[in-house]
Amino acid sequence: MPVDPALTQRLARLILDEQAGLKAFISLLRHEEALLVEGQIDALTGVAEEKTTLYRSLQRLSDERTVMFARLGAKVSNDNIRIVLANSPEALAAWDDVVALAADAKERNRLNGQLITERLQNNQQALGTLLAAAEHPQTYGPDGQSRPSASSRHLGSV
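Going letter by letter, the sequence shown gives residues 2 to 159 in the numbering used here.
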């Protein structure tokens, strides 16, 4: 694959932008995790919107890289990126960082998804318990102690 110096510069710029975007994305994922652990669920809406915006930005950068390589008749691959950046050690180091950051972001996002699933399950269990209690209301005796209702018949039924 012929390597044009202008291509190397454009790819290096994309990679540096992606590196910065991934760092911001990981910072947002850390914030999301903290909110989940602290139970600040209401604040997650804003985080979700920011995540979507950052994700779209990262996707555009990836798409640009794909188009760049497609114009050369090549696919985006680690090997091809290394060929294009062979004479740019700083960009190669940034690429290595992008690969590591992407793996970190993927894992953090997976863990946050697990936290969300656990919260949802806990909420569903609590709701189930409340609904079951509503179907079997407790009554209070003359001594003030609660007693389960003795019958499931409704008032006015025969």
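Hints are computed from structural coordinates only; laboratory data are not their basis. Any given hint might turn out to be false.
To be verified - Below, simulated SDA-like cross-link-like pairs (lysine to any residue); rule was C-alpha separation at most 20 Å, straight line:
1) Lys-76 <-> Gln-60
2) Lys-107 <-> Asp-18
3) Lys-24 <-> Gly-40
4) Lys-107 <-> Ala-35
5) Lys-76 <-> Arg-11
6) Lys-76 <-> Lys-24
7) Lys-24 <-> Arg-57
8) Lys-107 <-> Arg-11
9) Lys-107 <-> Ser-58
10) Lys-107 <-> Leu-73
11) Lys-76 <-> Arg-66
12) Lys-24 <-> Asn-81
13) Lys-52 <-> Arg-11
Claimed, not checked - Pair ranges (Cβ atoms, derived):
14) Gln-125 <-> Val-100: 31 to 39 Å
15) Asp-5 <-> Thr-46: 44 to 52 Å
16) Glu-91 <-> Asp-64: 46 to 54 Å
17) Gly-47 <-> Ala-135: 13 to 21 Å
18) Arg-11 <-> Ala-127: 47 to 55 Å
19) Ala-127 <-> Gln-10: 55 to 63 Å
20) Ala-94 <-> Ser-63: 35 to 43 Å
21) Thr-46 <-> Leu-132: 49 to 57 Å
22) Asp-98 <-> Ala-135: 52 to 60 Å
Source: prediction; values computed, not measured. Even glycine gets a Cβ: it sits at the ideal position worked out from N, Cα and C.
Tell me if the straight-line CA distance from Lys-24 to Asn-81 falls inside 20 Å. 24 Å, violated
Given the range 47 to 55 Å, decide if the beta-carbon distance of Arg-11 to Ala-127 lies inside it. Check passed, 53 Å falls within 47 to 55 Å.
Indicate whether the distance between the beta carbons of Asp-5 and Thr-46 respects the range 44 to 52 Å. Holds: the Cβ-Cβ distance is about 45 Å, inside 44 to 52 Å.
Can the restraint linking Lys-24 and Arg-57 be considered satisfied, given a maximum Cα separation of 20 Å? Status holds; Cα separation ~15 Å.
Holds or violated: the 31 to 39 Å window for the beta-carbon distance between Gln-125 and Val-100? 38 Å, holds
Check the following: the C-beta atoms of Asp-98 and Ala-135 are separated by a distance inside 52 to 60 Å. Taking Cβ atoms as reference, Asp-98 and Ala-135 lie about 54 Å apart, which means the hint holds.
Pair hint Lys-24 and Gly-40, alpha-carbon separation not exceeding 20 Å: 24 Å, violated
Holds or violated: 13 to 21 Å for the Cβ distance of Gly-47 and Ala-135? 34 Å, violated
If you draw a straight line from the CA of Lys-107 to the CA of Leu-73, is it 20 Å or shorter? Outside the cut-off at roughly 29 Å; violated.
A range of 35 to 43 Å was offered for this pair. Does it hold for the Cβ distance of Ala-94 and Ser-63? For Ala-94 and Ser-63 the Cβ distance comes to about 19 Å; the hint is violated.
Do Ala-127 and Gln-10 keep their Cβ atoms within the hinted range of 55 to 63 Å? For Ala-127 and Gln-10 the Cβ distance comes to about 56 Å; the hint holds.
CB of Thr-46 to CB of Leu-132, is that within 49 to 57 Å? 26 Å, violated
Hint compliance for this structure: hints 3, 6, 8, 10, 12, 13, 16, 17, 20, 21 are not met, and every other hint is.
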